[in-house]
Every structure is written in structure tokens, then in C-alpha cells.
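Chemist: Sequence:
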Amino acid sequence: MTTKAKLLATTIDCAEPKKLAEFYHQLTGLPIQYSEDEYAAVGDGTTNIYFGRVPDREPVPWPSPAKQFHFDFRVPDVEKAVEEYVALGATRPEFQPGVTDEGVGWIVMQDPEGHAFCVCPEKS
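Under the working numbering, the residue at position 122 of the sequence shown is numbered 125, and the numbers go up by one with no gaps.
The hints are simulated quantities; they were obtained by calculation from the structure and are not laboratory data.
Please note that the accuracy of each hint is not assured.
Have a look at the derived ranges for each label pair, beta carbon to beta carbon [as the list claims (entries may be wrong)]: (1) 94 to 14: 17 to 27 Å; (2) 79 to 99: 15 to 25 Å; (3) 6 to 67: 33 to 43 Å; (4) 16 to 86: 41 to 51 Å; (5) 96 to 57: 18 to 28 Å; (6) 73 to 42: 17 to 27 Å.
Derived lysine-lysine pairs resembling DSS-like cross-links, with alpha carbons at most 27 Å apart [what the hints assert, rightly or not]: (7) 83 to 70; (8) 21 to 9; (9) 21 to 70; (10) 83 to 21; (11) 126 to 83; (12) 7 to 83; (13) 9 to 83; (14) 70 to 22.
All C-beta atoms, glycine included, are put in the ideal place defined by N, C-alpha and C.
When you get a sec, could you build the whole thing from the sequences and use the hints?
Modeler: As C-alpha cells, this is what we get:
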């Protein structure tokens with residue numbers, strides 16, 4: 004039997020860990036656990052996001068097959084959340100596969116360093 008692992012955190016490469024931790028703190032409400040130039044973290048002990056400094060990291064354009072991951076976040080009002088996240092420094096790319104003539108299924112955003120995340124409606 005394989006030893007079962009418990010996910011501790013997801014670590015994101017970025018140029019400015021402190022700034023990205025502040026962004027995700029504002030977006031999720033997760034407390035900032037640690038904040039230095041080389042490394043920062045937000046989390047509540049169950050959900051944790053770490054940020055490690057990689058000065059030469061290049062953002063991946065959206066859409067792109069080079070995208071390695073993205074977060075999905077549920078919110079009560081997608082359009083309102085998107086507006087707030089843009090005010091925090093996120094961008095809303097033009098290509099939106101979750102927006103159709105039938106309505107908004109989800110909206111793709113990019114954080115201040117270009118990492119993709121989706122803003123999804125709460126389950127009905």
C-alpha cells in the first residue's frame with residue numbers, strides 16, 4: 004500500500020512574494036503567515052499558499068498550453084468579485100471560455116504576476 008500524503012501547501016514562484024501574499028490575503032481572507040522578500044505565505048493551517056521568489060520568472064500568457072496550474076475560487080457574485088480583484092491588481096484577459104451567450108459560468112483572471120485563476124459562482 005502506498006503511503007498517503009497530506010497536502011501541506013501549494014507554492015507559487017513569483018518575483019515579489021510579499022506583494023503576492025498580500026494580494027491573495029485580500030482575495031481569500033487567509034491570514035498572512037509569513038512575509039519576507041524571499042518567501043511569504045498565506046493560510047489557515049488547512050488551506051495554505053506559499054510564495055517563493057524567482058526573480059527571472061516570466062508570466063505565461065493566457066490562453067497558453069504552457070500554463071501549469073490555476074486556482075478556482077467560488078464567490079457569491081462573480082461580476083462584483085472580478086471588479087474588486089481588478090482593483091487589487093488582477094487583470095481580466097480578453098479570452099473567456101466560461102462566458103457564453105447563456106451567461107457566465109466562470110471568469111478567468113490573472114493575478115498581479117500573471118498567474119491564472121478562475122472566479123466561479125457558488126453552487127446553486
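Chemist: With reference to the structure, classify each hint as holding or not holding.
Modeler: The hints, checked one at a time:
1. 94 to 14: 17 to 27 Å: The hint (17 to 27 Å, Cβ to Cβ) holds, given that residue 94 and residue 14 are roughly 22 Å apart.
2. 79 to 99: 15 to 25 Å: Holds, since residue 79 and residue 99 (Cβ atoms, about 20 Å apart) stay within the stated range.
3. 6 to 67: 33 to 43 Å: At roughly 35 Å between Cβ atoms, residue 67 and residue 6 fall inside 33 to 43 Å, so the hint holds.
4. 16 to 86: 41 to 51 Å: 28 Å, violated
5. 96 to 57: 18 to 28 Å: 22 Å, holds
6. 73 to 42: 17 to 27 Å: 22 Å, holds
7. 83 to 70: Since the Cα atoms of residue 83 and residue 70 sit roughly 26 Å apart, the hinted pair holds (cutoff 27 Å).
8. 21 to 9: With Cα atoms ~26 Å apart, residue 21 and residue 9 stay inside 27 Å; holds.
9. 21 to 70: 23 Å, holds
10. 83 to 21: Roughly 25 Å separates the two Cα atoms, so the pair holds.
11. 126 to 83: 17 Å, holds
12. 7 to 83: 39 Å, violated
13. 9 to 83: 34 Å, violated
14. 70 to 22: Distance ~21 Å between residue 70 and residue 22 Cα, so the pair holds.
Comparing the model with each earlier hint shows violations of hints 4, 12, 13; every other hint is respected.
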